[in-house]
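Engineer: Counting from 1 along the sequence shown, just add 7 to a position and that's the residue number in our numbering.
Hints may be right or wrong, so weigh each one.
Only pairs whose alpha carbons sit at most 25 Å apart, straight line, appear in this in silico BS3-like list of lysine-lysine [unchecked claim]:
#, residue 1, residue 2
1, Lys-421, Lys-310
2, Lys-378, Lys-535
3, Lys-474, Lys-505
4, Lys-535, Lys-432
For the record, the hints were derived by calculation from the structure and aren't laboratory data.
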Amino acid sequence: MAESALNPGTKSHRIAVVTGGNKGIGFEICRQLASNGVKVVLTARDVTRGNKAAEKLRGDGYSDVIFHQLDVADPASISSLADFIKTQFGKLDILVNNAGVIGAIVNEEELWKLSIDQFIGENAKPQKELIKQTYETSENCLGTNYYGLKQMSKAFIPLLLLSSSPRIVNVSSSVGQLKNISNENARKELGDVDSLTEEKVDKVAEGFLEDVQENLIETNNWPVNFSAYFVSKALLNAYTRVLARMYPKIAINAVHPGFVTTDFNHNTHNPGALTVEEGAKDMESTNCSTTVKRCAVVTGANKGIGLEICRQLASDGVVVILTARDEKRGIEAVENLKASGLSDVVFHQLDVKEQASVATCAKFIETHFGKLDILVNNAGDAGLVINCEVFRAFALAGNAVSDENADLLKDILKQTYEKAEECVKTNYYGTKGVTEALLPLLQLSQSARIVNISSFYGQLKFINNEKAKAVLENVNDLTEEKLDEVLQWFLRDFKEHKLDANGWPKIVSAYKVSKAAVNAYTRLIAKKFPQLHINCIHPGTVKTEMTCNLGKLTPQEGARGPVMLSLLHESGPTGLFFEEMEVSSF
Numbered sequence: 008m009a010e011s012a013l014n015p016g017t018k019s020h021r022i023a024v025v026t027g028g029n030k031g032i033g034f035e036i037c038r039q040l041a042s043n044g045v046k047v048v049l050t051a052r053d054v055t056r057g058n059k060a061a062e063k064l065r066g067d068g069y070s071d072v073i074f075h076q077l078d079v080a081d082p083a084s085i086s087s088l089a090d091f092i093k094t095q096f097g098k099l100d101i102l103v104n105n106a107g108v109i110g111a112i113v114n115e116e117e118l119w120k121l122s123i124d125q126f127i128g129e130n131a132k133p134q135k136e137l138i139k140q141t142y143e144t145s146e147n148c149l150g151t152n153y154y155g156l157k158q159m160s161k162a163f164i165p166l167l168l169l170s171s172s173p174r175i176v177n178v179s180s181s182v183g184q185l186k187n188i189s190n191e192n193a194r195k196e197l198g199d200v201d202s203l204t205e206e207k208v209d210k211v212a213e214g215f216l217e218d219v220q221e222n223l224i225e226t227n228n229w230p231v232n233f234s235a236y237f238v239s240k241a242l243l244n245a246y247t248r249v250l251a252r253m254y255p256k257i258a259i260n261a262v263h264p265g266f267v268t269t270d271f272n273h274n275t276h277n278p279g280a281l282t283v284e285e286g287a288k289d290m291e292s293t294n295c296s297t298t299v300k301r302c303a304v305v306t307g308a309n310k311g312i313g314l315e316i317c318r319q320l321a322s323d324g325v326v327v328i329l330t331a332r333d334e335k336r337g338i339e340a341v342e343n344l345k346a347s348g349l350s351d352v353v354f355h356q357l358d359v360k361e362q363a364s365v366a367t368c369a370k371f372i373e374t375h376f377g378k379l380d381i382l383v384n385n386a387g388d389a390g391l392v393i394n395c396e397v398f399r400a401f402a403l404a405g406n407a408v409s410d411e412n413a414d415l416l417k418d419i420l421k422q423t424y425e426k427a428e429e430c431v432k433t434n435y436y437g438t439k440g441v442t443e444a445l446l447p448l449l450q451l452s453q454s455a456r457i458v459n460i461s462s463f464y465g466q467l468k469f470i471n472n473e474k475a476k477a478v479l480e481n482v483n484d485l486t487e488e489k490l491d492e493v494l495q496w497f498l499r500d501f502k503e504h505k506l507d508a509n510g511w512p513k514i515v516s517a518y519k520v521s522k523a524a525v526n527a528y529t530r531l532i533a534k535k536f537p538q539l540h541i542n543c544i545h546p547g548t549v550k551t552e553m554t555c556n557l558g559k560l561t562p563q564e565g566a567r568g569p570v571m572l573s574l575l576h577e578s579g580p581t582g583l584f585f586e587e588m589e590v591s592s593f
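Work out the full structure, taking the sequences as your base and the hints as a guide.
Structural biologist: So this is what it looks like as structure tokens:
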């Protein structure tokens with residue numbers, strides 16, 4: 008159908024800054040972000056090493072990686088980088104605070120002859136000959152790991168707030184957990200989340216450095232080895248919580264990437280140690296409290312908007328289950344995505360109208376993933392037999408697809424009872440059936456999203472049946488039973504040729520009514536499950552088979568809105584109707 012659309016705008020690259028990006032985990036984070044289509048600004052203190060790292064990535068085929076010098080302990084250096092990002096890109100989407108120092112002078116050869124529990128943990132003994140800690144090394148450690156991170160965040164938050172999906176990821180460590188800090192005052196202050204402030208975190212930092220200067224580390228129960236590193240990471244974790252509360256529109260998390268084999272820990276090959284590739288995984292995830300990837304199901308995804316939604320979600324690090332009714336076409340779609348470098352896409356056959364097919368898909372997800380984070384109900388049916396050639400000529404001549412032109416369109420957009428029934432089964436009952444089957448798995452997610460693909464034709468202004476409209480718009484009194492009654496009434500009137508007499512749409516009838524029902528159902532379940540983020544969206548008029556390629560938007564542009572809602576941050580809305588990227592009215 009030819010529908011009016013808002014200006015699509017242009018799809019721009021996401022921009023990421025990674026500190027300490029010339030080696031180790033930082034370097035691998037840059038690689039993995041770049042492989043997901045992100046333009047990466049790799050930063051490092053050493054210009055020669057930084058340039059060499061960026062050149063290495065470009066040589067590996069990642070052309071969207073550039074280098075900029077940065078010393079996170081130098082405010083002038085931070086300011087220079089912020090000005091560069093503002094001038095070159097006008098915004099920032101992702102900040103990975105990875106730069107860090109160990110805060111000690113280490114006798115590497117002798118230290119790593121010991122087992123880790125001899126110098127880290129509750130049974131650790133001071134190793135003063137092997138781990139030399141001075142006030143200068145401690146001050147430098149906090150200056151980089153805590154104060155440097157803090158200044159970076161403050162400098163870039165104005166640019167992050169210009170992003171539609173901003174992220175800050177602070178690379179921490181398991182040693183920063185409060186169980187590793189025995190100083191009671193520090194534990195109390197940093198653990199009191201409700202009253203935690205930046206000033207209180209700073210006060211703990213200052214108290215620690217005073218104790219270092221006065222040789223009171225052991226007396227005041229600070230960690231005996233790598234003291235500054237332990238404390239700096241605890242401060243980092245606390246500041247992350249403060250910052251996340253101050254800026255709820257930004258997804259801000261701290262993450263321990265695992266025990267990774269790098270020169271930071273002298274390439275120790277402990278049992279279970281991770282490679283840098285493994286340690287860098289999921290640094291861009293919205294929910295960094297877990298290293299388990301987000302998992303999404305997209306229905307009707309072998310072509311058009313559905314396929315592009317899969318592509319964009321997979322590019323964002325989401326594991327995507329691409330579903331389609333036709334197994335051959337679905338497998339081909341997955342193979343095409345994998346050939347483009349998106350490996351985390353799998354296919355599962357799904358006919359949303361068949362209860363057994365839906366149950367099989369749900370069982371597959373439960374068995375293989377144990378939960379579901381994102382459900383995009385995209386499968387749809389126009390409810391028409393369309394003569395695309397004649398319809399294109401009709402639309403391109405400037406004629407509107409409206410009830411006023413119903414007589415002109417009746418032989419171009421042919422409506423039958425069978426097609427209307429199929430449309431309602433797919434668009435409404437299919438959405439409802441898939442949602443109900445997958446809700447138990449969505450409720451196991453820490454960040455669940457349901458996105459129902461609707462249409463501006465689903466707005467109630469297209470329905471003149473006052474009784475039906477009253478039921479659909481009264482969300483406080485709405486029930487699934489009342490929704491079913493409206494749809495059965497519509498189908499009965501369709502069969503008895505009473506559409507016009509009873510105020511139903513005369514043209515594109517089943518599509519309009521089914522999408523109005525989807526919108527109402529979205530509001531109903533959003534109210535029923537407030538902990539989930541459930542929204543519906545008109546993605547715009549997109550060039551697809553359903554529109555006879557008459558849309559104003561490409562599938563890539565049409566997918567932007569659904570993907571935005573799929574990746575909403577925790578403070579995002581629920582129970583709303585969107586047109587493209589903006590909230591609209593039902």
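Engineer: Confirm or reject each hint.
Structural biologist: Hint check:
With a C-alpha separation of about 24 Å, the suggested pairing of Lys-421 with Lys-310 holds against the 25 Å cut-off. At most 25 Å may separate the alpha-carbon atoms for a hinted pair to count; Lys-378 and Lys-535 meet this at roughly 20 Å. At roughly 15 Å between alpha-carbon atoms, Lys-474 and Lys-505 fall within 25 Å of each other, so this suggested pair holds. Among the hinted pairs, Lys-535 with Lys-432 is consistent with the structure: their alpha-carbon atoms are about 23 Å apart, no more than 25 Å.
Checked against the numbered hints above, the structure breaks none of them.
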